[in-house]
Each structure stands twice: as C-alpha cells, then as structure tokens.
Amino acid sequence: MSLLTNRLDSDLADVAQKARGSLVQIHNGGHGAGAGTIWHPDGLIVTNAHVAGNGPLRVALPDGRSLPARLLASDAVNDIAAIAVVASGLPAVELGESRRLRPGNIVLAIGHPWGVFGATTAGTVVGVGPDLPEVGGSPREWIAVSLNLRPGNSGGPLVDADGRLVGINTVMTGPHAGMAVPVHVAKEFLKEAMASRKIA
Amino acid sequence: MAETLRKLSDDLAQTVEAAGPSIVRVAARRRLPASGIVWSSDGTIVTAHHVVERDDSIEIGLPDGGTATATLAGRDPTTDIAVLRTSAAGLAEPRWRGADSLRVGNIVLALGRPGRSVLATMGIVSALGESWRTPAGGRLDHYLQTDVVMYPGFSGGPLVDSEGSVVGLNTSALSRGAALAVPFDTLGRVVEALLSRGRIRRGYLGVGAQPARLPDGLAKELGQETGLLLVSVEAGSPAEQSGLLMGDTLVTLNGNRIRHLDDLFAALDEEAIGQPVPAKLVRGGKLQDAAISVGERE
Numbered sequence: 001m002s003l004l005t006n007r008l009d010s011d012l013a014d015v016a017q018k019a020r021g022s023l024v025q026i027h028n029g030g031h032g033a034g035a036g037t038i039w040h041p042d043g044l045i046v047t048n049a050h051v052a053g054n055g056p057l058r059v060a061l062p063d064g065r066s067l068p069a070r071l072l073a074s075d076a077v078n079d080i081a082a083i084a085v086v087a088s089g090l091p092a093v094e095l096g097e098s099r100r101l102r103p104g105n106i107v108l109a110i111g112h113p114w115g116v117f118g119a120t121t122a123g124t125v126v127g128v129g130p131d132l133p134e135v136g137g138s139p140r141e142w143i144a145v146s147l148n149l150r151p152g153n154s155g156g157p158l159v160d161a162d163g164r165l166v167g168i169n170t171v172m173t174g175p176h177a178g179m180a181v182p183v184h185v186a187k188e189f190l191k192e193a194m195a196s197r198k199i200a
Numbered sequence: 201m202a203e204t205l206r207k208l209s210d211d212l213a214q215t216v217e218a219a220g221p222s223i224v225r226v227a228a229r230r231r232l233p234a235s236g237i238v239w240s241s242d243g244t245i246v247t248a249h250h251v252v253e254r255d256d257s258i259e260i261g262l263p264d265g266g267t268a269t270a271t272l273a274g275r276d277p278t279t280d281i282a283v284l285r286t287s288a289a290g291l292a293e294p295r296w297r298g299a300d301s302l303r304v305g306n307i308v309l310a311l312g313r314p315g316r317s318v319l320a321t322m323g324i325v326s327a328l329g330e331s332w333r334t335p336a337g338g339r340l341d342h343y344l345q346t347d348v349v350m351y352p353g354f355s356g357g358p359l360v361d362s363e364g365s366v367v368g369l370n371t372s373a374l375s376r377g378a379a380l381a382v383p384f385d386t387l388g389r390v391v392e393a394l395l396s397r398g399r400i401r402r403g404y405l406g407v408g409a410q411p412a413r414l415p416d417g418l419a420k421e422l423g424q425e426t427g428l429l430l431v432s433v434e435a436g437s438p439a440e441q442s443g444l445l446m447g448d449t450l451v452t453l454n455g456n457r458i459r460h461l462d463d464l465f466a467a468l469d470e471e472a473i474g475q476p477v478p479a480k481l482v483r484g485g486k487l488q489d490a491a492i493s494v495g496e497r498e
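From first to last, the protein sequence lines stand for chains A and B.
My numbering applies: residue 1 is where the first sequence begins, and numbers increase by one.
My numbering applies: residue 201 is where the second sequence begins, and numbers increase by one.
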C-alpha cells in the first residue's frame, strides 16, 4: 500500500480506538441494548431518550464493569437523555464542534449494531441543520450522515476525523443513511437540565 | 493525531463547497424538490427529466438563497434529461470533465440541493463502460455507475470528481437500484439538441408489432429466439414505402438484433433517420434482406 493509504489506515484505527474508549452499552430492562457516550469522568453518560427509557438501567463500561445507572434528565423531542453511574475517572469523550461540520466531512459512528460491541462504521456528513429532506419543516437540528447505522447504534458517539464527539447517533433513515443529534444540541440540553437542578 | 484523515475530511468538504454555487434546487413536482446543475450563466439549467412534472411555474432555488421561476425548454425521457430556462443571470457554471478521465475506484461525490443548502454523499466509481442503451432506448456515451447513496432529492444534481469537476448528472430513474450518472458528453449532445429543436429526433416506422418465436433452425442461425412480428403496417408509413408487409417478422435493423419492442425503439434512434438502413426479416418462413427508410417521429 502507498504511504498515504498507510497513514489513512492508521489514522482511522486511531480515531476508532479513541472513540471506542468512551462508549458504553446501556440495558434498560427491555429487549436488546443501546449505546451511550461517556460525557464526564464522574459518571455522566449521554444517550438517546429512547434508549434510556424509564426502566431500571444498567451500564456496561469499556473496562468491563457493569453498574446500575440513574436517569437524570430526558428530552423526548430531541431524543436525548442524561444518565449517571457512580464512578470516577471514566474516559470521557473529547467534545467537538458540530456547527463546524460541513457536507463531505468524514465521520465515524460507534455502537453495538445487532449487539456487536463497539462496532465502528465510517462515512461522511450529508448535511447539518434543520434544512434536510427528512426533517420536513421541523426546526429540529440534525446531522444527516451517510453511513450504516443499525439497531444498537442508538445513543453511541458520532466522531469527526479527530475523534471528537460531534453527534449522538439516533436513527437510521435508510440502509446507508442516518441521523444524529448534534453535540451542540446535547450541550444545550445538559445546560438546561443543570439549570433546573436535574443534574448537580 | 489523525492528520491525514483530517486533511482528507477537509478536502472532501472543500470539494463540495467548490461545486456548490453551480447547484440549484428544482421544484417541479408535488413531492420533495430535486436538484439541477447550471448549464450556462445566463440561466440555462440541466436536470433530470423524471423530476420535472410540469412545464412551467417551476421554481429554482438559487445558491445565494434567492428563487427564480423557470420554464421547460425541452426534455428527453430516454436519457432522463430536461433543460430549463430561467431569467436568473450571473449563475456560476461548474467545471465539466469527461468520463474518460475517470477510473473504477476513483472517489466521487454526489451533490444535491433539495432544500436551501448543498448536501453530499461520497462513493467511488463502480463501473465505467462504453456507450450504453437505457431501457427507454436512449444512448449514454458512457455507462457510469457509482455506489454513492442517492439521497432524497439528489436526482438532477452533479456527480463530482475529487477535483470538484462535474463528470455527470445523477439519476435514480435509469436503472433500478443502481446510481447512474448521465456523462458530460451525453449532456452536451442532448442539451444542445433540446435547446435548438426542443426535442430529440426519434425514428419512426409506422408498424404495430409483437415478439414472436422464430423457428428452431432460424433461431440457431441468427442466434436469437424471437423476432418482431408485424401485426399492422400503417398506410403511407415509412414501413409501407419500404415494402414491409403485415406478417413479416423483423429480426435485425441497422445491424441491431430485433428480439422485442425495446430493441426496435433503441434501433430507431436519431442516426437511423433519413437514409435506407439494412434489415433482415422472415417472410414466408424464409430469411431475406431488406432496406428500410426510417422516418422521423413528429
């Protein structure tokens, strides 16, 4: 392989490895399991509202531990939730800038598609914002991505070419296309949850 | 970390942005709008025929966020090309490039503007071949298939190479399941014809026909199992003037096998019009040669 291909190859593996370090698996008592992303070393985990649900939660950490988790806040409209485990020193994801994403940018999605722990898929950004064909007039902001999301990817991290979190993978819209909640929407949600003292 | 990956990521986004000013939104159907490409800066737009469901009151969404109205200048369903005229001026023409510059495996981007902003998907050239007949009988100068995801509203938008040059017009209507692009040379040929005549010339015979099984011996000799049995010949038509009779079975025209109706439609293209073209037909159980003058469909 050429030098450039070798470099790309190792970059992709580095980014995947970095992002996989902040990935958790979330069981909500129902069938199957979703994904989550470690936001803060002290046990704050961000996922989709539809993954967190209302039931008793258990979280499988990247270090192999399985801990009970508590639902802190949930926003069904933006499909985002914050949960917490009692732990410290967890490998939190590095936050990126979803507003700076441009169509064509390379992104990686990590999750547990069909239960395969930490499976990673790469693709590109289709578009960012509320101006997307799927959204149809709603003011909600999304990142549309061209990559293969599957059941079990929900709640997992979407990272940029530097391995920084830009979105929370949320829904597949086709076999090779999906949508993620932008990280700036997740930040707003956490800020509001904190202001209303749902998160200390 | 990941400097090469980041550079690739930035490059791809740059390529999208470079081509963006030449991509417009085409709202000419009830459902989601589709995309179009600036053909000339004075307001000619090329798009896909199948996304244009009306001939006027077409709304064009411009790259600067404004809108303009357009009317249909001409369409060719056989190659899925439509040309629109709008009064908007000063549009940005893209850089065009022939499919000859591409190889299987090359990175390509499909771009569209179904809303206000440009959207993009990435893929590679999957197959690149010589001239290809579309199911509707049109001729593409190259068969250009990619694995890009055809996002909603991407038909009519450009397929762009790694340098940001437009190599074709994406359509999901010419082939079931595969993303095909109408290559630049075909666009040039068809758009010029549509602008000068408003349509693509099609050949005309004036027969009613249906496929019919050939006798075993003939089928073997010709290497085809069916021909087209003429069930009617219009009075005064090119077919009648060329001596074709009801009951004849047409098996070749202008060197093309005629096995079913699609073969005939394909053979009756612009080049066949005017001069007598060689044909083979079965009459009274015997194979014989004929010369047929193909007329032009009005």
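Treat the hints as calculated values from the structure; they're not laboratory data.
Where hints are given, some of them may not hold.
What the hints assert, rightly or not - According to the in silico footprint, chain B covers these stretches of chain A (three or more CB under 8 Å from chain B):
| no. | stretch |
| --- | --- |
| 1 | 19 to 32 |
| 2 | 60 to 72 |
| 3 | 104 to 110 |
| 4 | 115 to 121 |
| 5 | 128 to 135 |
What the hints assert, rightly or not - Away from chain B, derived, C-beta distances all over 10 Å, residues of chain A:
| no. | residue |
| --- | --- |
| 6 | Arg7 |
| 7 | Leu95 |
| 8 | Ser196 |
| 9 | Arg197 |
As the list claims (entries may be wrong) - A short list of chain A residues far from chain B (calculated; beta carbon distances all over 12 Å):
| no. | residue |
| --- | --- |
| 10 | Leu3 |
| 11 | Thr5 |
| 12 | Pro41 |
| 13 | Asp75 |
| 14 | Asn78 |
| 15 | Ser88 |
| 16 | Pro91 |
| 17 | Ala92 |
| 18 | Ala144 |
| 19 | Val145 |
| 20 | Ser146 |
| 21 | Arg150 |
| 22 | Pro151 |
| 23 | Lys187 |
| 24 | Glu192 |
| 25 | Ala193 |
As the structure is a prediction and not an experimental result, all values here were calculated from the model.
Glycine included, every Cβ here is placed at the ideal spot set by N, Cα and C.
Right, here's what the structure says about each hint:
no., hint, verdict
1, 19 to 32, "violated (count 0)"
2, 60 to 72, "violated (count 0)"
3, 104 to 110, "holds (count 3)"
4, 115 to 121, "violated (count 0)"
5, 128 to 135, "holds (count 5)"
6, Arg7, "violated (4 Å)"
7, Leu95, "holds (16 Å)"
8, Ser196, "holds (34 Å)"
9, Arg197, "holds (37 Å)"
10, Leu3, "violated (9 Å)"
11, Thr5, "violated (9 Å)"
12, Pro41, "holds (20 Å)"
13, Asp75, "holds (25 Å)"
14, Asn78, "holds (20 Å)"
15, Ser88, "holds (26 Å)"
16, Pro91, "holds (15 Å)"
17, Ala92, "holds (17 Å)"
18, Ala144, "violated (7 Å)"
19, Val145, "violated (10 Å)"
20, Ser146, "violated (4 Å)"
21, Arg150, "holds (15 Å)"
22, Pro151, "holds (19 Å)"
23, Lys187, "holds (22 Å)"
24, Glu192, "holds (27 Å)"
25, Ala193, "holds (30 Å)"
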